[in-house]
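Which chain is which? The protein sequence lines are H and A, in order.
Numbering (this note's numbering) for the first sequence: 1 to 195.
Numbering (this note's numbering) for the second sequence: 1 to 766.
Because the hints were derived from the structure by calculation, they are not lab data.
Be aware that one or more of the hints could be misleading.
Pair ranges (Cβ atoms, derived) [as the list claims (entries may be wrong)]:
| no. | chain 1 | residue 1 | chain 2 | residue 2 | range |
| --- | --- | --- | --- | --- | --- |
| 1 | A | 432 | H | 135 | 56 to 62 Å |
| 2 | A | 362 | H | 13 | 51 to 57 Å |
| 3 | H | 151 | A | 759 | 54 to 60 Å |
| 4 | H | 103 | A | 77 | 24 to 30 Å |
| 5 | H | 117 | A | 685 | 54 to 60 Å |
| 6 | H | 153 | A | 42 | 40 to 46 Å |
Quick partial rundown of chain H residues pointing at chain A, CB under 10 Å, derived from the structure [what the hints assert, rightly or not]:
| no. | residue |
| --- | --- |
| 7 | 72 |
| 8 | 120 |
| 9 | 188 |
Ideal Cβ placement from N, Cα and C applies to all residues, glycine included.
One letter stands for each residue in the lines below.
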Amino acid sequence: MDMESAQVSDLDTLVKFDLKVLAADAAEVVAEEFIPVFHRWITERVLPELLIDVADYSHVHEGPGVLLVGHDAIYAYDLSRGEPGLLYSRRHESGAALEGIGSLDDRLRSLLECAFRACDLIEAEPNLSGRVAFDRHRLELRVNDRLFPSDEATAVTLAGAFQRALAEAGVRDGDAPVEVKRIGEPRERLTLRTG
Amino acid sequence: MSQLTVDSTATWKQRLEGRVPPHLDEEIDIFETQIAQKRQGKIDDKVFAETRLRRGVYGQRYDNGQRHDGTASRALEYPCGDLTKGPNTVWDAPGMLRIKIPFGAMNGEQMEVLADLAEEYSDGIAHVTTRQDIQLHFIHIDDTPDIMRRLAAAGITTQEACGNSVRNVTACPMAGVCRDEPFDVSPYAHALTHFLLGHKDAQDFGRKFKIAFSGCAQHACGLANMHDLGAVAQVRPTGNGTSSGTERGFKVYVGGGLGAVPHQAKVLREFVREDELLPLAQAVCRVFGRLGEKRNRARARVKFLVAKLGIEEFTRLVDEELAILPPDDRWSAYLGDLSVTDEAPTRPAATLEAGERPDGFAEWLGSNVQRQRQPGYVAVAINLPLGDLTSTQLRALADTTRRYNGGHVRNTVEQNILLRNISEADLPALYAELWEQGLGEPGASSLVDVTACPGTDTCKLGISASRGLAGELRKRIATSIKTTGVLADEAVKDLRIKVSGCFNSCGQHHVADIGFYGVSRKSDGRTIPHFQVILGGQWTENAGSYGLAVVAVPAKRIPEAVERIAGLFVTEREKGESFQNFIARVGKARIRQLLDDLTKLPTYLEDRTLYSDWGDPREYTIGDLGVGECAGEVVTAVEFGLSAAEREVFQGLLELDRGAAETAAEKAYAAMLQAARALITTENIDIGTAPEEIVGEFRTRFYDTELFFDPYAGAKFANYLFRIHGDAETDSGEEAHRRIEEAQLFIEAAHACNQRISELQAARVA
Numbered sequence: 001m002d003m004e005s006a007q008v009s010d011l012d013t014l015v016k017f018d019l020k021v022l023a024a025d026a027a028e029v030v031a032e033e034f035i036p037v038f039h040r041w042i043t044e045r046v047l048p049e050l051l052i053d054v055a056d057y058s059h060v061h062e063g064p065g066v067l068l069v070g071h072d073a074i075y076a077y078d079l080s081r082g083e084p085g086l087l088y089s090r091r092h093e094s095g096a097a098l099e100g101i102g103s104l105d106d107r108l109r110s111l112l113e114c115a116f117r118a119c120d121l122i123e124a125e126p127n128l129s130g131r132v133a134f135d136r137h138r139l140e141l142r143v144n145d146r147l148f149p150s151d152e153a154t155a156v157t158l159a160g161a162f163q164r165a166l167a168e169a170g171v172r173d174g175d176a177p178v179e180v181k182r183i184g185e186p187r188e189r190l191t192l193r194t195g
Numbered sequence: 001m002s003q004l005t006v007d008s009t010a011t012w013k014q015r016l017e018g019r020v021p022p023h024l025d026e027e028i029d030i031f032e033t034q035i036a037q038k039r040q041g042k043i044d045d046k047v048f049a050e051t052r053l054r055r056g057v058y059g060q061r062y063d064n065g066q067r068h069d070g071t072a073s074r075a076l077e078y079p080c081g082d083l084t085k086g087p088n089t090v091w092d093a094p095g096m097l098r099i100k101i102p103f104g105a106m107n108g109e110q111m112e113v114l115a116d117l118a119e120e121y122s123d124g125i126a127h128v129t130t131r132q133d134i135q136l137h138f139i140h141i142d143d144t145p146d147i148m149r150r151l152a153a154a155g156i157t158t159q160e161a162c163g164n165s166v167r168n169v170t171a172c173p174m175a176g177v178c179r180d181e182p183f184d185v186s187p188y189a190h191a192l193t194h195f196l197l198g199h200k201d202a203q204d205f206g207r208k209f210k211i212a213f214s215g216c217a218q219h220a221c222g223l224a225n226m227h228d229l230g231a232v233a234q235v236r237p238t239g240n241g242t243s244s245g246t247e248r249g250f251k252v253y254v255g256g257g258l259g260a261v262p263h264q265a266k267v268l269r270e271f272v273r274e275d276e277l278l279p280l281a282q283a284v285c286r287v288f289g290r291l292g293e294k295r296n297r298a299r300a301r302v303k304f305l306v307a308k309l310g311i312e313e314f315t316r317l318v319d320e321e322l323a324i325l326p327p328d329d330r331w332s333a334y335l336g337d338l339s340v341t342d343e344a345p346t347r348p349a350a351t352l353e354a355g356e357r358p359d360g361f362a363e364w365l366g367s368n369v370q371r372q373r374q375p376g377y378v379a380v381a382i383n384l385p386l387g388d389l390t391s392t393q394l395r396a397l398a399d400t401t402r403r404y405n406g407g408h409v410r411n412t413v414e415q416n417i418l419l420r421n422i423s424e425a426d427l428p429a430l431y432a433e434l435w436e437q438g439l440g441e442p443g444a445s446s447l448v449d450v451t452a453c454p455g456t457d458t459c460k461l462g463i464s465a466s467r468g469l470a471g472e473l474r475k476r477i478a479t480s481i482k483t484t485g486v487l488a489d490e491a492v493k494d495l496r497i498k499v500s501g502c503f504n505s506c507g508q509h510h511v512a513d514i515g516f517y518g519v520s521r522k523s524d525g526r527t528i529p530h531f532q533v534i535l536g537g538q539w540t541e542n543a544g545s546y547g548l549a550v551v552a553v554p555a556k557r558i559p560e561a562v563e564r565i566a567g568l569f570v571t572e573r574e575k576g577e578s579f580q581n582f583i584a585r586v587g588k589a590r591i592r593q594l595l596d597d598l599t600k601l602p603t604y605l606e607d608r609t610l611y612s613d614w615g616d617p618r619e620y621t622i623g624d625l626g627v628g629e630c631a632g633e634v635v636t637a638v639e640f641g642l643s644a645a646e647r648e649v650f651q652g653l654l655e656l657d658r659g660a661a662e663t664a665a666e667k668a669y670a671a672m673l674q675a676a677r678a679l680i681t682t683e684n685i686d687i688g689t690a691p692e693e694i695v696g697e698f699r700t701r702f703y704d705t706e707l708f709f710d711p712y713a714g715a716k717f718a719n720y721l722f723r724i725h726g727d728a729e730t731d732s733g734e735e736a737h738r739r740i741e742e743a744q745l746f747i748e749a750a751h752a753c754n755q756r757i758s759e760l761q762a763a764r765v766a
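With the rest of the complex left out, here is chain H (with noise of 0.2 Å):
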């Protein structure tokens, strides 16, 4: 085996990743706001996994606000580094949603729709009054499973893999493909970002 199958194999196993997008304009919108839309959401079944519950941190400073909790992933209205935006963090994939992924490809791909979906809903959420928006092009992709090491290598393997996704979901920076660089130190979990 080669070594760029090696790592396109070897990357495909990872499952836990992180993707924050971040708020174009949530001024006007405090985080509790967000405790009665993530209840209806689980009463009307608005998303098509298992969501289990609501969980409030808005009294933490700069924590993740307030959760949705679900079996395959959190979403969150998420106040870390005190930039707001909508988090989605996926654990497991067990729901029909999300069979047949099988790639890095495919799962960025499906990290990018589920998150995309949620900005859509609390953009259209009648509680909140068109108050927030979402930055599509302001993205934060984090590998949140630490037996993956937070290296160069890695870091630009992903990066390859991210830019691909966000072409084929729209995210572009005109004709080109956007900016993907490298946050945080090394000891952080990898995290890669836009824009």
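Based on the hints, put chain A in the right spot on chain H.
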């Protein structure tokens, strides 16, 4: 592009090979095997449940696969199908992991590992508990072996964090730096932790066993009075005073505990020498293991055994065990190196000189900083909202502590974190760093620093939203302080508020100045979340006395109740009068009167806000009761009867206040009879008033049928009635106090039973 060297075949077991202590490595491997066996159906549900509990792997709300969304109970279709991890506990349901942090001590590496685990497996939050543990929520059981390995590599175990075992050994967070302690209790807490962990004499308990160490008797410190085993540091002259030296030892308490019915601990030994402590604890474990209740969990704690036997007989049995214990080198080996828990300062001692200060520094200095006995050093408390901090904060705190004290902290039972051995001169810079991290809030251990158990947020037993209420109280108190409202008054500044989601007292409401525990009440055909208001508890003197319930107030009106109680104290207290003495002087009747209008319930159409809980917009109901649009307030005969029972027990409270123990106990008994009779009227309207008839009918109709049984506590509350019926008279103040508590819980159980009956009837009609 550099070459990629990812090894996707690595596992945490492989990655950490050689770094996990062998005994823990083996223990975790066994658990991983048991997980595999359970998946294959080769382990019984109950056995597996206790197995995982003993590793700290706990259940969480909705893990039975059902969730009420405010209108109906709906199934949560977990992918695991029928696979369970205990009775009625679905495999895939998120759970809680309790991580033992002996005497709350953590180092930088441990903080970083906890931060990593919270991010990767939980929700990015580490939660400090009221027993100095760390809890992670929304954990999948399949991830627990790897989490345990990563913890073990950093010197942490979850072994015996839950289940019928010796739980986290707690200690005063100021141990070693306190100005009032005769010596540092930390190495003794450390030694006892490791001695009893997995000890064969501590494996056959009917219930959990909690141990606490305190450096002194006068402060809250380790809360020794409310533990199964409490040790308070003492020194005494050697040789009966004939020599000039002193020897270390402990005053040892046994049989304390909160829970539904709190017990004050009894003195087991006025003084045990340091080398006698471990064998004494071992002997207590043996007596508890041998004679403690096993079948009835509700009466299986040590406190019930001590109450049943009497402290003299219990002491005799412990002495008997001590006499036959096989000698163990570990009893005294640790005494050769008591520095094992030392945290030496890394910065030079220096006083705080005058100079420019960051904004907010003075207020923070006044509330969050305590002088140590070591000159030039202070201990700094981090006021954590609801005991929560993020992984980012925990990691940043690890860095900060490395710079200022070598990387050491202690978790506190008030759900805060304490940094010790901080040079006074470093305070402005430290404050600036903590503020930047969102950890510089003032008000630690004050009114605004409200303690709460998880309650309905994540706990399966939660009745009301204790964290929701605590969060709301924090906001309102902070606002009141900023706007110089009644809660800003100096008189109330240091009062403690503690909230539990149910009667089990994980929020330690019994020892708060103002405590609350969650209950529910029925009105207008629906259920309304309430909290019982508990007043008169004592936090100091190691939880010196326990408060009693005054009245149940709707959850949404509790902030108003707090303002009224605080306002009354501010305006009517006598000079120098403590809150506890004030409550005793004005009396609970006055407080009840003060809050009376808050207990009046509007109909659902008049005010729906009361029909949901704090931080949870779902309508607070259980079942699918239909309510007609024109339905007025309907109070059934049983509700009237239960209300009368509440009045009766309140009268008992007043009798207890004036020292009439015998009358108070009679009132408690009468209240239980009234509540039981009220329930019986739903089936037999002709029931008489003779105690024998009521108890007989109650047994037949509600006990034998298990209608009265609590879903979790089973027959516990019913047995309160049978016991008091068989032994009605007492003139003991302590016993009367207990009976009042039991009567209150019996009435709560009667309310819950009535709700269940209503739902069954409604379901039949539907």
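Hints versus structure:
no., hint, result
1, A/432 x H/135: 56 to 62 Å, "32 Å, violated"
2, A/362 x H/13: 51 to 57 Å, "54 Å, holds"
3, H/151 x A/759: 54 to 60 Å, "58 Å, holds"
4, H/103 x A/77: 24 to 30 Å, "28 Å, holds"
5, H/117 x A/685: 54 to 60 Å, "58 Å, holds"
6, H/153 x A/42: 40 to 46 Å, "43 Å, holds"
7, 72, "9 Å, holds"
8, 120, "22 Å, violated"
9, 188, "8 Å, holds"
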